[in-house]
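K.L.:
Residues per chain are reported as follows:
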Amino acid sequence: MAPASDQGLGFGSEDIDASISALPTEVELLKRAWRNEKASPEILQFQEDVVRNARVQIQNMEDTVEAYAEDGKDALTVSLYQMDLDRTEFLLRSYLRTRLQKIEKYMIHISKTDLWKRLSKPEKVFAKSCKENMENHLNQSVLSRLPFGYQDVLKQSISSEEDDMVPEPQLDTFVFCKSKGSVGSFQLDAVGDEVVDLIADDLYVLRYKSIKPLVETGQIDLV
Amino acid sequence: MAGQSDPHLSIFSAAEVEFLAEDELVEIIPNMSMDSLNFICGDFGPFYPHIPTEVPIWLAMALKKRGKCAIRPPSWMSLENLTQVLELERDSPREFQPLPFHYVEISRLLFDHAREDIPDVHMVIVAIVCPDFPPRLAFQKLVLDIEHFNRDVRFHKVESGFETIGSRTHAVKLKNLSAMEVNIVRPFFVRALQAFYKHDSPQMIPQPDTASRRTDTGDRGPRRDLRPR
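Protein chains in written order, with my numbering: chain A, 242 to 464; chain B, 9 to 237.
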């Protein structure tokens, strides 16, 4: 990005137009959020703006399609608009659903760590009720019948020092990723002799934990 | 339970990879007139007979199915280019030749729905699908099996790449590997790397002092075993 904009300095409105058209569309942003969410082991920050904008656009498009159908616009055009609408709706649904699956899987872990802040409001409501239901269910069906000391939802037994029955996402797993711009050399491990030079558009398989900050800041995309 | 990753959770289905590929642009030559389409995913058209225009593949497919356009296959799909790619692919045993990230899905879609628009279609299919097949046989056997795509040449490289993975592997670079290829090798790749990583982690090396082990259950390695009864 940087060298390109340097060249463009002082060249008037044409460059500005070019840079505007190069901005990713809402659908592209949503697609990126969807891909990253699907490929990352833990839940990522909820993309509030992207989802809100996608909802608005879907609503507008629904109105348009309806209006076209009523106006007797030709069937082909209407069906093409409907296809575009279906594709966007699919992306949005799949994005939200992927997050719900992660929440169901890691509800306890999410609710007691910083990950909680990454959920949207409705997701928080869902996670809370999900967790309560699960706890009630486990208590009623199994735990209340176990001997004293083994009745905790979170611990194997009373002598466990930590919550050792909480499923956690595995951050050590490896992910396939692509960097959008050149990230430069990047240190892979905290211990640190391993350095990798991430070149734009090249595909790498890396440990999720080591590139986590790059995913969170959007410098790298999971594929 | 806690340490296990679900191998299915993060993997895209083949249909989802195809969905992504359908947003790639392709040139069509309409045979009708139609106003511009202002989609959520962008504006396309207007469409005039015989005037080429660029549209996403899903739109091209929809028009093609209704007999409203011909599709211009992308330039990389020409027999010339593919023959050249194939030669280079064979000559450079450690590198993948550049093909579009979604080349598998795009060719599949075009073969299925726009076969008559691709010049030398049979030869192109042979070049992409089973390059080592004698053309005559392949001609008779025009069945596309995506999993066998370019298997002899490109997958062989992936396989030999596996051999270099070891306990000290923290990063693997797969320049030019395409989306569908990624999807196919992903489960094996991830598991292999995880296994090496796990066995390499300090926790897996037995320590005589079990008491000190209990405190450092970080996120590495397996979690503490269930107590024996």
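Treat the hints as calculated values from the structure; they're not laboratory data. Just so you know, even glycine gets a beta-carbon here, dropped at the ideal spot from N, CA and C. Be a bit skeptical, because a hint or two may be false.
If the Cβ cut is set under 8 Å, some of the chain B residues that face chain A in the computed set are [claimed, not checked]:
1. Phe-20
2. Leu-33
3. Ile-37
4. Leu-87
5. Leu-96
6. Arg-194
7. Phe-196
Here are the simulated PhoX-like cross-link-like pairs (lysine-lysine), alpha carbons at most 20 Å apart as the crow flies [unchecked claim]:
8. B:Lys-76 / A:Lys-419
9. A:Lys-453 / B:Lys-76
10. B:Lys-183 / A:Lys-314
K.L.:
Going through the earlier hints one by one, which of them does the structure break, listed in rising order?
P.N.:
The structure breaks hints 2, 3, 4, 5, 7, 8, 9, 10; every other hint is satisfied.
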